[in-house]
Amino acid sequence: MTAEDTSPDVQLTDDHRLRHFLSIDGLNRPLLEEILDTAASFVEVGDRSIKKVPLLRGKTVVNLFFEPSTRTRTTFELAAQRLSADVLNIDIARSATSKGESLMDMLWNLEAMASDMFVVRHSDSGAPYFIASQVTPNVAVINAGDGRHAHPTQAMLDMYTIRHYKGGFENLRVAIVGDILHSRVARSQIHALRILGASEIRVIGPRTLLPVDIEGLGVQVYTDLEQGLRDADVVIALRLQKERMDSALLPSESEFFRLYGLDEHRLRVCHPDAIVMHPGPINRGVEIAPEVADGERSVILHQVTFGIAVRMAVMSMCISGQEGGGVL
Amino acid sequence: MTAEDTSPDVQLTDDHRLRHFLSIDGLNRPLLEEILDTAASFVEVGDRSIKKVPLLRGKTVVNLFFEPSTRTRTTFELAAQRLSADVLNIDIARSATSKGESLMDMLWNLEAMASDMFVVRHSDSGAPYFIASQVTPNVAVINAGDGRHAHPTQAMLDMYTIRHYKGGFENLRVAIVGDILHSRVARSQIHALRILGASEIRVIGPRTLLPVDIEGLGVQVYTDLEQGLRDADVVIALRLQKERMDSALLPSESEFFRLYGLDEHRLRVCHPDAIVMHPGPINRGVEIAPEVADGERSVILHQVTFGIAVRMAVMSMCISGQEGGGVL
Amino acid sequence: MTAEDTSPDVQLTDDHRLRHFLSIDGLNRPLLEEILDTAASFVEVGDRSIKKVPLLRGKTVVNLFFEPSTRTRTTFELAAQRLSADVLNIDIARSATSKGESLMDMLWNLEAMASDMFVVRHSDSGAPYFIASQVTPNVAVINAGDGRHAHPTQAMLDMYTIRHYKGGFENLRVAIVGDILHSRVARSQIHALRILGASEIRVIGPRTLLPVDIEGLGVQVYTDLEQGLRDADVVIALRLQKERMDSALLPSESEFFRLYGLDEHRLRVCHPDAIVMHPGPINRGVEIAPEVADGERSVILHQVTFGIAVRMAVMSMCISGQEGGGVL
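Protein chains in written order, with my numbering: chain A, 1 to 328; chain B, 1 to 328; chain C, 1 to 328.
Mixed in with the good hints there might be a few duds.
Claimed, not checked - Facing chain B, from chain C, some residues (calculated, C-beta under 10 Å): (1) 38; (2) 41; (3) 45; (4) 46; (5) 51; (6) 70; (7) 75; (8) 77; (9) 82; (10) 301; (11) 303.
What the hints assert, rightly or not - Rough simulated footprint, nothing fancy, chain C against chain B, three-plus residues with beta-carbon under 8 Å: (12) 82–91; (13) 111–120; (14) 206–219.
Stated by the list, open to error - Sample of chain C residues lacking proximity to chain A, with all beta carbon distances greater than 10 Å (derived): (15) 60; (16) 68; (17) 86; (18) 164; (19) 196; (20) 299.
By construction, these hints were calculated from the structure, which means they are not laboratory data.
Even glycine gets a Cβ: it sits at the ideal position worked out from N, Cα and C.
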């Protein structure tokens, strides 16, 4: 099973509303804009004294993390709590699989317990698609990152951040820097930027960390950092996924920083109002200099704040899509 | 301390209402039927858009799992959430005992924190009885499985399932297949079936996996699968507790399946409307063939759904029994 | 960074209300009494059928335990639940640090998720001060124990217990027995007792387990147990922190018990109405005999009950201090 085998339609209802949220690929511009607009209404919830809305009260959200990620799990848990849902965290490594139960048997059991949503992270590309293709009509599946394939909620919070600071995507030059090859984040960002109409998408990295078919995604490819950054309005540094890399691909972290690390000096060629983004957690001194991460251009922590709102938006839209009602 | 040392009365109030839920043994038919009837009212809650009732709001339920079981813990956590209780999961292996604290000191501390209920799983038979005999009047104890002794909520969800599909227990032939010796589930099922008036209870398994005193429980014993299944209305496959067996008792999993595994061919001798049950998690190809687990006779996933409702029933009845008020 | 480097003022607002709760040192008597009075109003909540008040509804409390402690984490989780807060438990060992993220980057991320409170336990003295000095105005920090430095909520629940049983601190002789050197609890107790006006504070222990500068804290030092216990109104046994001791400091546990263990015989020299306290978890037969831990003088489990109320008080006062409103 690969992500390419699956129809993108599984994530939509017959009347083109969100049923699951699996990848940006296959969604259209109005739907992405609906996610951003819905998220905007939830950003305000985070500023309230009582940061809670009752939209998912009495719903059960199950965090199914086959690949550990405290950060991402925490953001989904917070988003669910602020929608008033009940949350179950299933520690996969220690649970069913240790008793020899199959994945599908575990999922069928969770369905039978009247779960409403599975938030899935998996090291296999396409696993959330496979799960979504198998679940009953009562369960929504959210992809919280699958292999090298997609990380669509991260991409949407990035889009929210760009729209917030740049007003929109027209006439926008976006540069994505680093380990494109292993990055599900980059893949989802590129799809989202194209659908939302960004005028120029650039990827910058060493040849060894660029997918061979990368031009096919409609991006411009740079191996020289400064050429790629020239006049960019948005610069997105990717996390160097050290745990995913074969040792042969890169000489060392310091070598990577020397060639592709973002520091103030290199950013001088960007547009004067350029913002710097990063999906986190950051490796200071590897893909980004501390002075940039903490500097005036950095909107990295705002991405985190918007991320809760975007996840609340996606979760409530999927539940609403299944019930056939409106979210707001 | 063994389960036999303890009086069954500890689980009842002076006016014969449920105070703890420790074993089926010692309860009478009206009380078991009250559990089933109460559960029926909660099955409907699982179908609601808002799957929550406020019966245990402001109560603290502590999951005390001395033996790990994500599945069972999850069902109790969900049941507690849907009753609006607050849930604490205590990871015993990593907690008090690692600091040398005694079991009773840990329990007294949890009591002092104004806990209302302990859900206990323990590898020692009788441990929940011992705990129930020690707690203050404000705390209810639910047995979530103790050693080879009992698993009473599992048995009651099985009874719920049988009553749901068969209308009652009169004129009913129930066959329990597999590792009877190590199964707390089987022991609790046999007690429940007798109390509820099932006309014939059969156990089927190799002589090495049958307790020596099994006839004393009022069951008919079969070592031949097809003879035992003949005209059965309900067939319950037990999980092969591989982790509990001495290697000498059985030659291999495939040998077990050859002799006692449920497949379509063998089930042909059952009553035409027979249902197949399993407490889960299932070992496909060991005690049950996939075509049976996923087939028309299988009600395995319905057991899971009913299990949440039965646990809600038992939890609310115990809390109600302690407060002296009615649950519904 | 050491605790001594930090100004105690970080825990107060400009109008001298509680903003963080980091150590007893630096707080004045009216504020400690306000904590005790606020706690008194919460003790009653634990007796209610619905043990919940909505004071922190829609707030996010994050348990950041860099040093494991199921007991203390559980009390804070319960306190937060009973204030209706949402709770996130971050398992530090398995999370951010395993991906090489810095402590401050993790905290900034949690802040950006609109967390309202960090409950911090850390093996480094002063870590909660450092964190409090760095967080945004929207986040309160509660010290749940840092190194050998302080454990202020434990000290305040001890003060609550003493005031409850003794009516106040005037004319009161308090004896603290055991491993003073490694005890953050003793340090916080001594500060609290002095601020609240206890007339005599004694520490009792072997010379090797007494800090060299101990007299500077305004206490009387005893190396002989019976001399120290004479006419004491309150006796506090400390937990022998076996995991923190160098093997050279003490010969053995039995030797410790022979010299400093509290048993009925030795307590005969105390005031006839003396109470015995212990922060828990207790080592039976090491620092305290079972007959004392379970005896008439013991108020150890009442400390636990009061501990929930004291933590609710501190949490609600910190949130209230940040919002500029009153808690009650």
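Against the structure, the hints:
1. 38: Since the shortest Cβ distance to chain B is 18 Å, the answer is violated.
2. 41: violated (15 Å)
3. 45: holds (9 Å)
4. 46: Residue 46(C) check passes; min Cβ-Cβ to chain B is 4 Å, inside 10 Å.
5. 51: holds (5 Å)
6. 70: holds (3 Å)
7. 75: holds (7 Å)
8. 77: Interface hint status for residue 77(C): holds (6 Å vs cutoff 10 Å).
9. 82: This hint holds: residue 82(C) lies near chain B, its Cβ roughly 8 Å from the closest one there, short of 10 Å.
10. 301: holds (4 Å)
11. 303: holds (8 Å)
12. 82–91: Since 4 is at least three, the answer is holds.
13. 111–120: Per the Cβ count (4), the hint holds.
14. 206–219: violated (count 0)
15. 60: Given that some Cβ of chain A is not farther than 10 Å from that of residue 60(C), nearest at about 6 Å, it is violated.
16. 68: Check passes; 15 Å lies beyond 10 Å.
17. 86: The claim is violated: residue 86(C) sits with its nearest Cβ about 4 Å from chain A, within 10 Å.
18. 164: About 33 Å separates residue 164(C) from the closest Cβ of chain A, which puts it past 10 Å; holds.
19. 196: holds (33 Å)
20. 299: holds (36 Å)
In summary, the structure is inconsistent with hints 1, 2, 14, 15, 17 from the numbered list given earlier, while agreeing with the others.
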